[in-house]
Amino acid sequence: MPSTSATGRVVAVTGACTYLGGELLRRLEEDPRYGRVLALDIRPPALTPGGKVEFVKVDLTQPTVDGELATLLQQNGVDTFVHGAFLSHPTHAVEWAHELEDVGTMHVLNACAGIEPRRLVMVSTTLVYGAHPKNPNFLTEDAELRGHRDSRFVNDKLRAEKQVQRFAKEHPDVEVCILRFAPILGPSVSNMYTRFFTRPVAPVMLGHDPLLQFVHEQDAAHALQRAVESRATGPFNIIGKGVLPYSTVLALLGRVPVPMPPFVARQISKVLWATQLSGSPPSFLDFLLYLCVADGARAQRELGFLPRLSIKRTVLDFLGVAPEDGATDVARAQA
Amino acid sequence: MTDDDDPHDPHDARAPRGGAADDWYGEADPRVPDASPWPERDLGFYGDDVFLGEEAVVPEELGGVHSMAPPTLEDAANAELRELERRVEQHRTPAFPIDLRRRLPLEGLWRRWRSLAMWGRSDVVDDFGRDPRAGARWEWLFEFLYSKWFRVEALGLANIPDKGRALLVANHAGTLPYDSAMVMHAVRRDHPARRDVRPLVEDTVFHLPFLGPVMNRIGGVRADPENAERLLQKDELVAVFPEGEKGMGKLWRDRYRLQRFGRGGFVKLALRTNAPIIPVAVVGAEEAAPMLGKVTWFAKNIGIPWIPVTPTFPWLGPAGLLPLPSKWYVQFGAPIDLGRAYGAAAAEDRLLVNRLADQIRTQIQTMIEELLGRRRSPVLSAFLG
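First to last, the protein sequences are chains G and C. For what it's worth, numbering that gives the first Met the number 0 labels the leading residue of the first sequence as 0, then goes sequentially. For what it's worth, numbering that gives the first Met the number 0 labels the leading residue of the second sequence as 0, then goes sequentially.
Any given hint could be a false lead.
[To be verified] Simulated pairs of lysine to any residue, SDA-like, Cα-Cα distance not exceeding 25 angstroms:
| hint | chain 1 | residue 1 | chain 2 | residue 2 |
| --- | --- | --- | --- | --- |
| 1 | G | Lys133 | C | Lys233 |
| 2 | G | Lys133 | C | Trp305 |
| 3 | G | Lys133 | C | Arg271 |
| 4 | C | Lys245 | C | Pro208 |
| 5 | C | Lys245 | C | Leu370 |
| 6 | G | Lys56 | G | Ala45 |
Think of the hints as simulated: they come from the structure by calculation, not from any bench. These numbers were taken from a predicted model, which means no experiment stands behind them.
Please build the complete structure, drawing on both the sequences and the hints.
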């Protein structure tokens with residue numbers, strides 16, 4: 000491979016086929032400040048021909064991938080590494096998911112430890128805070144990461160994040176930035192929440208109605224782009240404007256709520272998950288019982304990221320309905 | 000985030016930042032390539048709503064967006080494929096449910112269902128979950144309880160500032176938090192500025208099925224120091240009941256005897272946020288739901304700390320949870336400005352915090368005694384006023 004010219008930054012992106020990875024590639028392609036972009040994934044993303052993005056096949060579940068990655072980073076003179084190879088849906092293939100997320104992150108960090116790229120950006124989620132009855136209404140970045148007692152989906156991400164935090168301590172020369180995204184909604188993204196809200200009916204924990212928080216896909220992609228160009232370090236919550244009760248989200252979407260006591264819902268969910276009829280594991284029900292809402296002040300202050308779209312607009316955009324007064328609704332609430 | 004001086008630093012290629020939170024996203028910013036990333040869609044007939052089943056009815060060319068839709072065939076090279084699809088469509092055996100759905104006026108039904116589901120709630124809530132429309136929905140009930148049932152007399156409302164933060168500290172009683180509702184309603188109804196009080200609700204009540212979400216929608220916030228601090232920083236009126244669960248679980252024989260005031264968290268809060276403390280004495284709540292005893296057996300299994308035994312509950316079933324019509328007084332005391340007297344650093348002085356908490360407790364106890372002294376006979380006038 001040709002060595003880097005001094006024309007701009009060289010970025011490597013894992014998880015190039017995820018929504019955020021693809022959006023980032025598209026935005027970096029348009030930005031003249033970036034010389035070359037390496038898209039790493041197991042299958043090629045949709046690329047514009049003749050662009051500066053190159054696809055390199057990298058499978059993070061292979062046992063010796065860290066060596067390969069290190070050579071790749073060295074040869075191309077990568078200065079910014081974006082690690083976004085995380086699953087957006089829970090899967091029944093828990094072993095594979097563990098290899099990809101937890102061990103895959105280890106491989107990425109092994110490779111980065113030798114090369115020490117200038118900047119490492121990791122894609123995480125606010126689910127790592129866990130839904131807990133003792134959560135304050137707004138979780139700051141300093142809040143304890145509780146994870147979830149029996150969710151592999153959340154805990155693999157949590158372990159990956161803890162590894163990255165340890166790496167940041169051991170390598171103070173690398174600017175490590177962790178983005179904890181609130182659940183992403185939008186017309187083109189696909190993840191656990193979009194699947195959940197696509198169904199015509201939705202379970203409701205009888206008598207419980209926690210506040211939910213989402214971030215619009217465009218805002219999320221912008222935040223990631225922002226994190227790549229910024230020099231800020233540390234964890235950041237990337238959230239949308241405003242919160243809404245779960246019941247109101249269902250009403251806006253026109254979904255039919257099916258109220259049931261939590262223990263009944265848990266049993267039903269266990270059966271549906273075991274028979275692979277439902278895409279959300281039983282542990283997800285806790286997020287319908289308790290709060291898991293993050294505070295985005297730090298991202299605004301240090302990263303310069305301000306979400307543009309309110310939660311209502313995000314939900315309606317996901318539904319495919321153009322809101323009449325989308326821009327002003329949060330201002331109305333605060334007035 | 001500091002900019003260093005190296006002009007060749009690729010990180011610094013963009014315009015100077017710092018305080019750029021407001022301007023970097025604006026249309027004027029040429030760095031942002033996609034000021035309007037989603038296409039302006041003319042949804043036409045489907046403008047108000049979109050069907051949401053497995054087969055999205057909105058055609059792609061109308062801009063119907065379905066999150067799980069397969070990749071669209073937009074290339075001209077795919078004309079052949081489209082033609083094939085069209086022919087397949089022509090010869091398809093009509094699948095019963097799909098065609099039935101298309102003939103039935105389901106779009107209209109769906110729209111009606113959505114407006115029905117949105118009844119009594121607004122599509123915007125504030126940061127802590129208060130829904131203005133849901134609050135208005137329960138207003139009549141509070142008004143009835145306030146003026147007809149409890150005949151509340153609110154005294155000293157002038158002590159509450161018209162604007163700016165303040166921490167209302169009140170005694171707590173009754174099996175259900177009627178007292179926080181009445182303090183809230185008193186300020187909203189009779190205070191000249193009609194301010195909204197945000198009561199802090201203890202965990203046991205906040206996580207109760209049905210009651211918790213309703214409390215949250217009308218303005219209650221889970222009692223958590225971070226929440227309280229955030230509210231006070233936003234210059235809200237916050238009501239705190241430092242006795243907490245112990246205050247609510249007082250037996251009839253302990254009525255109007257204030258319990259320990261938590262761990263003095265409210266004093267720390269007032270010192271840290273420089274908010275004046277307004278002591279509040281509520282008299283009447285004890286008689287509204289006199290707790291004769293409490294049963295802890297089985298209570299934990301249904302998620303509550305105890306099952307109260309009152310003259311009416313559980314004998315009359317859920318109707319027994321209705322309060323007795325006692326006569327209430329709510330007295331707001333003069334504000335105590337701890338921040339000015341001791342400074343924010345005093346929040347770390349545990350001895351001082353505890354002493355101040357106890358002083359305020361004593362003051363509220365005195366206010367209660369005075370209010371009780373207005374009653375002629377201990378039991379009868381508790382109801383007749």
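Taking the hints in turn, this is what the structure says about them:
no.	hint	verdict
1	G:Lys133 to C:Lys233	holds, 22 angstroms
2	G:Lys133 to C:Trp305	holds, 20 angstroms
3	G:Lys133 to C:Arg271	holds, 22 angstroms
4	C:Lys245 to C:Pro208	holds, 20 angstroms
5	C:Lys245 to C:Leu370	holds, 22 angstroms
6	G:Lys56 to G:Ala45	holds, 14 angstroms
Hint compliance for this structure: no hint is broken.
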